[in-house]
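Using the sequences provided together with the hints, build the complete structure.
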Amino acid sequence: EAGVVQSPRYKIIEKKQPVAFWCNPISGHNTLYWYLQNLGQGPELLIRYENEEAVDDSQLPKDRFSAERLKGVDSTLKIQPAELGDSAVYLCASSLPHGVGYTFGSGTRLTVV
Amino acid sequence: AQSVTQLGSHVSVSEGALVLLRCNYSSSVPPYLFWYVQYPNQGLQLLLKYTTGATLVKGINGFEAEFKKSETSFHLTKPSAHMSDAAEYFCAVSESNFGNEKLTFGTGTRLTIIP
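Protein chains in written order, with the numbering used here: chain A, 1 to 113; chain B, 114 to 228.
Keep in mind that the hints were calculated from the coordinates and are not lab data. Check each hint, because a few of them may be wrong.
Dumping the calculated DSS-like pairs for lysine-lysine here, alpha-carbon to alpha-carbon at most 30 angstroms [what the hints assert, rightly or not]: (1) A/62 to B/171; (2) A/15 to A/78; (3) A/11 to B/215.
Only a predicted model underlies this, so the values are computations on that prediction, with no experimental measurement involved.
Structure below.
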């Protein structure tokens, strides 16, 4: 079984440029999460989807961040425009309905210069 | 609100020695508790989890953790450290009775194994 797939693994962009990250969850996992991990910190939830519905986006900075999960499978997280402080690892995870514990992808390491 | 405190951002142990990584949590309802491991440039891998029932939980790679409600702790242990255990370890708590809710993570403990 393939795990949670994220791309790209690494991305370097100049500030004020847009950037997008893609996530493909484990087949059958209805719940999808995007987490932000700053250097030396634990991950923090940005947004949680149940199928195609964003059920918790309270921590998503909506002035520059957006996310979508069309058809309730793949998801895309976008930043526009990127700022220096957005440099971090963006982790995607998925889980079964009412399951306990997530499966994380390898993450996308973003560097904004 | 839930929170997690991991005592010691860096822990060093000799190969073959006991590994003890400390985690204390705060939760307003019975918690679900997790330990994740993160190797360099990789995502997080679930080591073990506590939901209900037996308070001593065994996980992968010889790790185990004990849920102590009276101490609000969920410390991670391994009897004998191996070089391959060197990684970052994160404790996390979830308050939901359905499991698939927000995980709140600690700031992590970097484990170094001394040959």
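Please verify whether residue 62 of chain A and residue 171 of chain B have alpha carbons no more than 30 angstroms apart.
violated (40 angstroms)
Holds or violated: are the alpha carbons of residue 11 of chain A and residue 215 of chain B at most 30 angstroms from each other?
Holds - the C-alpha atoms of residue 215 of chain B and residue 11 of chain A are around 27 angstroms apart, at most 30 angstroms.
Residue 15 of chain A and residue 78 of chain A were given as a pair; does the straight-line alpha-carbon distance stay at or below 30 angstroms?
Since the Cα atoms of residue 15 of chain A and residue 78 of chain A sit roughly 14 angstroms apart, the hinted pair holds (cutoff 30 angstroms).
In the structure shown, a violation is registered for the earlier hint numbered 1 alone.
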